[in-house]
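*Asks:* Basically my numbering = 1-based index in the sequence shown + 100.
Rather than coming from a laboratory, the hints here were simulated on the basis of the structure.
Where hints are given, some of them may not hold.
Stated by the list, open to error - Derived DSBU-like pairs (lysine-lysine); straight-line CA-CA distance at most 35 angstroms:
no., residue 1, residue 2
1, K324, K131
2, K351, K324
3, K370, K152
4, K370, K204
5, K370, K351
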Amino acid sequence: MTPTPSHWDSLQLELIHIHDAEVLPWGRKVKAIPPANYYRVWLLRAGRGRIKVGSRWHTLAPDEWMVPSPSMSAQEFSNDSRILSLHFRARWPDGGLLFDIDTKVKWPATRYPELEAASLAIHNSCRQSSPPPYGESALPETLSFDQYLQMAEVFRRWLRLFCASMTAEGHPPTTQAVLDERVRTGLRWLNRLPLNATFREPTLAEHLGLSVIHLNRLFEREIKISPTAYLEQRRWDRASYQLLNSNRSAKEIAYELGFCAPSYFSSWVKTRSGKTPTQFRNRAG
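My request is simple: use the sequences and hints to build the entire structure.
*Replies:* Set out below in structure tokens:
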């Protein structure tokens, strides 16, 4: 009997960053936060915090976990706040997120003590492998293969515990229908492609044994987006996160993503967000 193909390998998982220290000055009062396509998971250790979702504010108390909605629009923390903060991406190819969170999910840290232990294991693993600056990837390309495997292992262990906690709190993971095998293979190919690489759809079509027209029809049918648009979304994920969560210049980010000149990057950001990189970074209206 041939087993039914699992859809879970279509899920995009990425550990973005982990931080266990005081809330940095720029993060203590932030307005006009754009909707995110990743999750923030917070354990407040000291101080006070609150987030805004829609028109309502929601408080965060010490020794309490909170998972804000990706649609949160503002955050405030007291000057003495210390936080364990983990950012990660868990998204289906069609853009749907792994958990549906309208406002926030929160629980006392004592309810699932193993979750904090697993979070600290990730943090310690990052520190042992020369931790990147805040906002940089928690799994940088400079890692050795052994370091990468170790960090991937502790992240997946944490993710299992996190999913169990979310399920117990009434927020089980979402699921997605099994994708066409050719689309799944194409997605794996696109996810391995460096973000600064030149991409041509005929190359992917040939790899899958399809015409370009058939390739686009399959992608549009299965995940409602073309291969080119999918890769552009990957670039935007990286660019927007870097602009909002790091001190890297727009020029550095532009060259990392393969833009030949910062002016092209600026135009690209403005087309996607309606703002220049500086305005987007400053969350200008």
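*Asks:* Could you run down the list of hints and mark each one as holding or not?
*Replies:* Evaluation of the provided hints:
no.: 1; hint: K324 / K131; verdict: holds (32 angstroms)
no.: 2; hint: K351 / K324; verdict: holds (32 angstroms)
no.: 3; hint: K370 / K152; verdict: holds (26 angstroms)
no.: 4; hint: K370 / K204; verdict: holds (30 angstroms)
no.: 5; hint: K370 / K351; verdict: holds (15 angstroms)
The structure fails none of the hints (numbered hints given earlier).
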